[in-house]
Amino acid sequence: MHWKNHLIPKSRGDESSGGMFSALKKEIKRVRKDNDPPLRDPESFSRYTCDLCHSSGPLSGLKQCVICGRWACTQCWHEDFYLCKSCGGIMHLLLMEIPGHKKQEDISESEETKEFVDSSDPFCQK
Numbered sequence: 114m115h116w117k118n119h120l121i122p123k124s125r126g127d128e129s130s131g132g133m134f135s136a137l138k139k140e141i142k143r144v145r146k147d148n149d150p151p152l153r154d155p156e157s158f159s160r161y162t163c164d165l166c167h168s169s170g171p172l173s174g175l176k177q178c179v180i181c182g183r184w185a186c187t188q189c190w191h192e193d194f195y196l197c198k199s200c201g202g203i204m205h206l207l208l209m210e211i212p213g214h215k216k217q218e219d220i221s222e223s224e225e226t227k228e229f230v231d232s233s234d235p236f237c238q239k
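Start counting at 1 in the sequence shown, then tack on 113, and there's your number in the working numbering.
There could be a bad hint or two in this list.
[Unchecked claim] With a straight-line Cα cutoff of 30 Å, these simulated DSS-like cross-link-like pairs (lysine-lysine) come out:
no., residue 1, residue 2
1, LYS139, LYS176
2, LYS146, LYS198
3, LYS176, LYS138
4, LYS142, LYS198
5, LYS198, LYS139
6, LYS176, LYS146
7, LYS176, LYS142
8, LYS176, LYS198
9, LYS138, LYS198
Since the hints were derived computationally from the structure, they do not count as laboratory data.
Hey, can you work out the whole structure from these sequences and the hints?
Put into structure tokens, the structure is as follows:
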């Protein structure tokens, strides 16, 4: 039994409550499991290779992406999202607003605002 099992809620209820990271995890195939070590550089004793650019470096210079599991060097790491550049690029695309396309939240907020304005204006005719 895992020691954190009692901290995890038993019923997951709404699957959409996880946000962008859970949506991204569902879409991207996992390359490596959590805490699986990176590949060793065959030409040296204590160096490892970056999964994205295949450069060699010390283990302390690599970070594991929480979405895909790849090990990335500092050049292949996206600090804004704390993801590898591959997953960070996809996250950036998901967060971009498409010109002329309203999000569902924006549509519902504008309808609520319209209803409030209509009901509060005594001169408004329905």
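- Query: Taking each numbered hint in turn, which are not upheld by the structure, reported in ascending numerical order?
  - Reply: Structure breaks no hint.
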